[in-house]
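K.L.:
Line order of the protein sequences matches chains A and B.
Taken in order, the first sequence gives residues 60 to 363; the numbers are from the numbering used here.
Taken in order, the second sequence gives residues 1251 to 1469; the numbers are from the numbering used here.
Quick caveat, the hints were computed from the structure, so don't treat them as lab data.
The reader is advised that the hints may include incorrect statements.
Calculated lysine to any residue pairs in the SDA-like style (CA-CA distance at most 20 Å, straight line) [claimed, not checked]:
#1 K1339(B) - P361(A)
#2 K1382(B) - G73(A)
#3 K1339(B) - V235(A)
#4 K1383(B) - Q188(A)
#5 K1382(B) - I1364(B)
Anything over 10 Å on all C-beta distances counts as not near chain A; from chain B, calculated [stated by the list, open to error]:
#6 R1253
#7 R1330
#8 N1361
Short, incomplete list of chain B residues facing chain A, as computed with Cβ under 7 Å [claimed, not checked]:
#9 P1325
#10 R1328
#11 R1329
#12 K1339
#13 L1341
#14 P1353
#15 V1436
From the three backbone atoms N, C-alpha and C, an ideal C-beta is built for every residue, glycine too.
Take a look at the letters that make up each chain.
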Amino acid sequence: MKNYLLRHLQNFFGSLGSMSRQPVSTAMTVAVIGIALALPSALHIMVRNGTAVSGGWEHIRNFSVYLVPGTSLDYAQRLAGEIQQQQPVQSVTVISAEQAFEELQNSAGFGDVMNTLEDNPLPHTLVVQPTADAPPAALRQMEAELLTQKEVDLVKLDTDWVNRLNAGLDLVQRLVWIAAVLLIGAVIVITGNTIRLDIQNRRAEIEVSKLLGATDAFVRRPFLYIGFWYGLFGSCFALVLLGAGFLLLNGPAERLSSLYGGAFHLMGMDRSTAMAVFGGGLLAGLGGAWSAVARHLADIQPRV
Amino acid sequence: MIRFENVSKRYEGGHEALRNVSLHIQRRELAFLTGHSGAGKSTLLKLIALIERPTRGQVLVDGRNIGRLPDRQVPGHRRRIGMVFQDHKLLEDRSVFENMALPLVIGGVGNREISRRVRAALDQVGLLDKEKKTPRTLSTGEQQRVGIARAIVTRPGLLIADEPTGNLDPELSLEIMQLFRRLNEVGVTMLIATHDLELVERIGGRRIVLTDGQTAGSS
Ligand SMILES: Nc1ncnc2c1ncn2[C@@H]1O[C@H](COP(=O)(O)OP(=O)(O)OP(=O)(O)O)[C@@H](O)[C@H]1O
Ligand SMILES: [Mg+2]
């Protein structure tokens, strides 16, 4: 039993030696696997960033409630109090018609126009800031309820574009999955082909081993180990590529972000994506090795 | 040890290489298989090693009917017999030691035991100082001796050899045959296919003659 384990370990690391004897083809296979794994992962990370950014904007979707002109400030304050009581609301600010008027007067370009006006045409306005986790549906219901009040003229609640963005991101995420499946399929084919060549190169060894009584499992093992190593190194290379990509994009992203008041930060690799890269890599490496071994090892029968 | 009962072997393509062969080789016997080229000597040995399967009849090795052995039991069967080939079938990219170790690795023997057994087998064929060389750097006779050492390193009870001296000059051939003789004396059953009748005379041992796939005589 101890011998058996020891032998496996030797085999396991011995297969590294046989790969290092063909450094160019090994490096190329590893590179191709790495790139194929990095592509869908990069897309996935982009979607995650997109989701985070759109999430950030969703949180600042204040909406404004315009009252019918001539409604008393008293009423405005009472309504503000009522809204404040509601579940998805964090704060309500009342902007009186006078305040709004002054603001417009002071802002460049409008001052003169405002001065020509005799009456203040502006209504009182409530600015509602929902809580961060307020579901869009609840907000829409609030909008409907407010509009039933005869003193409420208009509610400006715009979540549609956020919904559209999210739907777009869902679509891209679906594309990521399709790309991942296709590329892992490609990796299986690539690894399978590399290992097929490997099997051909070691034909003499396989034949002699079979003559000396090697079981199929014995003959198969080193090739499966090679598939494992391809998968592992390919995954590592994919992580290196993704890390490099992150470093390249992070600087410009921070600069862009600072222009928007530091509204977002580029997210890199998360644990589950890293695990998916390794899982995909190992699956592809072992799968490729298995398919090559299943198809080509049986063909090699000793000729005497 | 080996028993053929009305064995026929027809290759794909219709050629009948063995026809109704019956023979019996005792445990610890030294037997030579002779006959003209194409008589079926190699075919007979291949049936014993399960490189080919008999078309008809029974091949028994150690009392087991191996003709119907399922594929997955073939490796185990091969590990119990030693085989020597005319072209020795050594791996060129491995040292003598590694070549010799291969059947032991396949058999699951531990590292220390492998070194011990490889050296013992190399000692038996007088090549103890060559373990680090590759086969290509050895003479033909030395290569053949390594091939024999590899066949006995697992200490099989039965050794089959297909023209082990086919490429060697008379002197080397005699040396190899004497080596077989010695191995036989320590208890290994042997079946050796050869063209070299003169050599068989000198070594002495049972002769089985094949003619056109049939046993013509046994002495
Ligand atoms: N794989 C094969 N397929 C078809 N026919 C074969 C095959 N192997 C051998 N034969 C035929 O079977 C016959 C016996 O061949 P075998 O190799 O057993 O002869 P042999 O006695 O070993 O001859 P030699 O002394 O030349 O080695 C020959 O006629 C050969 O052509
Ligand atoms: Mg022959």
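K.L.:
Hint numbers the structure violates, sorted upward?
P.N.:
3, 4, 7, 8, 15
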